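Number of protein chains: 2
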Amino acid sequence: MVSSLKRLLIGRPLKSTELGEQKLNKTKALAILSSDALSSVAYGPEQILIVLITVSTAAFWYSLPIAIGVLILLTALILSYRQIIFAYPHGGGAYVVSKENLGVNYGLIAGGSLLVDYILTVAVSVSAGTDALTSAFPSLHEHNVIIAIIFVLFITTLNLRGVTESASILAYPVYLFVLALLILIGVGIYNIITGHAPANLHTPVGTPIAGISLFLLLKAFASGSSALTGVEAISNAIPNFKDPAPNNAAKTLMAMGGLLALLFSGIVYLAYYYGITPSETVTVVSQIAEETFGRSFMYFFIQGTTALILILAANTGYTAFPLLAVNLANDKFIPRMFKLRGDRLGYSNGIIVLGLASILLIILFKGKTEHLIPLYAIGVFIPFTLSQTGMMLKWIHEKPNGWVSKFIINTTGALISLIVTMMFFLTKFAQVWPVLVFLPIIIFVFYRINKHYEAVGEQLRILSNEPAVPIEGNVMIIPVAGITQVVENSLNYAKSLGSDQILAVYVSFDREEEKKFEEKWKKWQPNVRLVTLHSHYRSIMNPLGKFIDTVHHKASESNYRVTVIIPQFIPRKGWHNILHNQSGLLIKAFLLYRKDVIITTVPYHFKK
Amino acid sequence: MVSSLKRLLIGRPLKSTELGEQKLNKTKALAILSSDALSSVAYGPEQILIVLITVSTAAFWYSLPIAIGVLILLTALILSYRQIIFAYPHGGGAYVVSKENLGVNYGLIAGGSLLVDYILTVAVSVSAGTDALTSAFPSLHEHNVIIAIIFVLFITTLNLRGVTESASILAYPVYLFVLALLILIGVGIYNIITGHAPANLHTPVGTPIAGISLFLLLKAFASGSSALTGVEAISNAIPNFKDPAPNNAAKTLMAMGGLLALLFSGIVYLAYYYGITPSETVTVVSQIAEETFGRSFMYFFIQGTTALILILAANTGYTAFPLLAVNLANDKFIPRMFKLRGDRLGYSNGIIVLGLASILLIILFKGKTEHLIPLYAIGVFIPFTLSQTGMMLKWIHEKPNGWVSKFIINTTGALISLIVTMMFFLTKFAQVWPVLVFLPIIIFVFYRINKHYEAVGEQLRILSNEPAVPIEGNVMIIPVAGITQVVENSLNYAKSLGSDQILAVYVSFDREEEKKFEEKWKKWQPNVRLVTLHSHYRSIMNPLGKFIDTVHHKASESNYRVTVIIPQFIPRKGWHNILHNQSGLLIKAFLLYRKDVIITTVPYHFKK
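Chains as they are written, first to last, in this note's numbering: chain A, -12 to 595; chain B, -12 to 595.
Pulled out of the complex, with its shape left as it was, chain A reads as follows:
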């Protein structure tokens, strides 16, 4: 039943050879890998205005030069990640770049912060989208948490079905959002050019403003840069592209950069020209849309696609997280299970862990994840800075043809990213300090896991110069609870192994019963030695454990191995198990983890 539910939800399992068909073409890849970055346009420009308004609305003209700064950073990042894609065509992005060029520690800082970041992406974007949706239907507002969780479960299931299927479904809303914003910007600009828009609502560019400071401008710039989160996703997800993967990924990245630049600058310009003031209740995009179209169909179309894209931004996390996890798992910093491909060839453990972790965050913050946004932004800018710095070092070391221009691109990117990172720490410390706690903890855990895997590898390795101690013989211990077919079955098996040392062990709670049993045994199996252990405290485990210790001690002296043979009957129906005391299972679990003995289960399947 579980299995057929699984089939219904995620579809039939795929052969490993079908992996090629699970690759993305550029159109689909652009949709699912840039939804995070593109959705940032919905709140990035607003962030700039929110900072500027602390001086005065007259200061809004500064949003134009700040936007140019953001565009420069965007260009640097896009060009830089384009270089990363070709330099590291197997994906892994900032983690791999930092690790290779700056050392393992920096790699782990980048990888750890991105790993956490993708969880935040999912939680924050789904919460924001749910909020946008329930604002339209206020009666649903109290069910925000449940609705958000349902969205996460939906996106998780979609991703478990495979990356192409989710891309096919999710591509429409992304392109509709892009279309909606392009129409908005186009009509807006047309109105301005044709003079249909009121021109007196904004201060001209260059108006001197009292009280403006470089610090404030940098703060506004850093806030605006939050629109750039998600730019790195493509570099993590190169293995998901159709061949030639790096070329396709690079082209997709350029397309995303172009779209992002266009939408971002368009929104900033319209907001400036219309003199829009950020408000607690209505978003900047909503104000621009209302100004342009009134409360018409287009207005609701823009609002609807915006809500959708906010939710779907989560999907970028679902594509990038599992691939980053594979890279970390290959280097033995996180559990191996992240390397397993599921039925539909996706890295399902990564997808499931991401889904569960973000559901946990949504529940913990009761769906109010807005104040996680700065944390989420800094979690991207730390890896941005590290990966660009890593690329700088790479060019210096390798000096390929035309390395100077590449070096300049990465240096620009690194410097601006560093400034943004520092601005976040300086201006929003109250919200971003957790990163200083979590990153060291995560890196500590990475190292602990790595140490364990290294230790395991060492202990598993076969050392040819150290021959194993030969096994001289085997002692077989059979715990028996009665004189039954199940026990006979096990005894016959033990005898068939040709061991000369078979010990039946009977744990008794009652002296009288004990004697009776011993007599019966002598008649039944006169050749098999029976050891009776009396248990004062009615525990089977304790006396049995002590007895096994004694036997084990003696056996080791002459290089004998000890095998405990457990006779176990298997009822025909699952519910029958509660009718039996399962001593067999308990003994097995106890012996496996506590004693150095071999455990053999001889099953006896009931026929009725």
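Quick caveat, the hints were computed from the structure, so don't treat them as lab data.
Take these hints with a grain of salt, some might be off.
It does not matter which identical chain is used: a pair holds within one copy or between any two.
What the hints assert, rightly or not - Result set (SDA-like, lysine to any residue): computed pairs, CA atoms no more than 25 Å apart in a straight line:
| # | residue 1 | residue 2 |
| --- | --- | --- |
| 1 | 560 | 448 |
| 2 | 595 | 448 |
| 3 | 582 | 570 |
| 4 | 503 | 529 |
| 5 | 503 | 443 |
| 6 | 238 | 249 |
| 7 | 595 | 457 |
| 8 | 326 | 570 |
| 9 | 595 | 580 |
| 10 | 326 | 571 |
| 11 | 507 | 440 |
| 12 | 507 | 448 |
| 13 | 582 | 569 |
| 14 | 582 | 571 |
| 15 | 10 | 327 |
Everything numeric in this text was worked out from a predicted model, so none of it was measured.
The hints should help you fit chain B onto chain A, whose structure is shown.
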């Protein structure tokens, strides 16, 4: 840590030989086994008045003859259960009596309804007590369910500590309640004799009342008889008494009967004399107490001990349920686990199941379990009727000395109990119908369980005339995942068992890797045959399962047994387990329940 918490809660484990010290003397037994019956005094008389008031308050004088009827029933029940105690000194009460004399079906009806009844006892009495308590502290009222659950957990823990310890603690409130009611009745009667009580509040006995009917009187009688629930508990719990157990139990039963008769008739009489009218907000006992003492210390003392005894009435269930369960388990009608004695020599599984089931009821009914009372009353009167009828047949069959008087006692008891049972069905069908659904289901389950145990017993039995097929040899299959110490360890073990048929099996997901592995293996273990299985769907279980089936099929033809040897490394720390994929455990679980092969785990304990 779990273990030390357990020690703290329930104390050190006791040796089986300390069982004698866990027996109850008469004083303690009276306290914990009669709390249920005695607590009924707090609501039984009220039930009579509630029925009579439907005619008029003038009809209240009928409560006196009705009370006499209840006393006759009580006498019959007490004498009858006294005879049951001596006839069945190993306990089991109504279940054993009905089973032996009326047949298994009637025994199961009696046993099944008592089993459910004790769960109801706990839920109903704890809820009622909690209600009484929170009526005094209204701010606690909204936390009723939580408080009730805490009481259940407390009583459960106390009982897990052992019956003597719970008796020592719980005896005080019971005797304080008896003392409080005795003082109340004494002072009340004294006031009446000395003329301090107003005499004009009641209609004289014998006043003709219009509209009274036999049906109504019988209904009032049945309701009043609910004060007799719990009378049977002592007969279930004989094994808990100090030797000579039957004598001590009989004396305790008589003492309980005497006390119950005294308190019941006292309360009925005072209620009649004071002309007390039942009210929704104040109980009859509370009205009598206020009439007698005003709102003095004595009033609050009576109210407080009443609330306490209502909660502690639950304890009777805790003493009787596990012993009844042992009887049913001995006859293989419920799971064997109810026969196991816990660390403190109590039947802890019974205690825990009772606690959990009543918590479930409290949660399901949100702490409002009042309308379960009729269900609970009928659940006692069905076994009353059956056990008395059983005793009647016993006397007829065995005809011991003086059997006629014994027969008369049981016949009286059986008839009155039958009338009460029928009155419940006639007058409160809306509340008692579930018994007609649950009893058949429970009895069906009893038989299903019994059938399974019988089938198991038959299959386990050794038939000397049918010699087992001899085992000609063993095929050993070792699933391997690499060339490691763990695998070497398992191979050496397989070789030491002298099998000529060792097959290493490697499940591969990747054709290239497969070839490499085969080559490496040939160099490492040229004498052990390696079988490579390619898994298209990246499942280990499916190809392995199919391979094992093939081998098993061939092996069976020549009476070979198949053993699957699982190399398993055991990490040194628990958390390390999540770093490994646990394929070993999964393969074991799969093979154990699905295939007829022997499963051997060769552990390899890591040292770091």
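Here is what the structure says about each hint:
| no. | hint | result |
| --- | --- | --- |
| 1 | 560 x 448 | between (43 Å within a copy, 20 Å between copies) |
| 2 | 595 x 448 | between (47 Å within a copy, 14 Å between copies) |
| 3 | 582 x 570 | both (17 Å within a copy, 21 Å between copies) |
| 4 | 503 x 529 | within (23 Å within a copy, 47 Å between copies) |
| 5 | 503 x 443 | between (50 Å within a copy, 22 Å between copies) |
| 6 | 238 x 249 | within (17 Å within a copy, 96 Å between copies) |
| 7 | 595 x 457 | between (44 Å within a copy, 24 Å between copies) |
| 8 | 326 x 570 | between (36 Å within a copy, 14 Å between copies) |
| 9 | 595 x 580 | between (33 Å within a copy, 15 Å between copies) |
| 10 | 326 x 571 | between (34 Å within a copy, 18 Å between copies) |
| 11 | 507 x 440 | between (52 Å within a copy, 23 Å between copies) |
| 12 | 507 x 448 | between (50 Å within a copy, 14 Å between copies) |
| 13 | 582 x 569 | both (19 Å within a copy, 19 Å between copies) |
| 14 | 582 x 571 | both (15 Å within a copy, 18 Å between copies) |
| 15 | 10 x 327 | within (17 Å within a copy, 59 Å between copies) |
The structure shown violates none of the earlier numbered hints.
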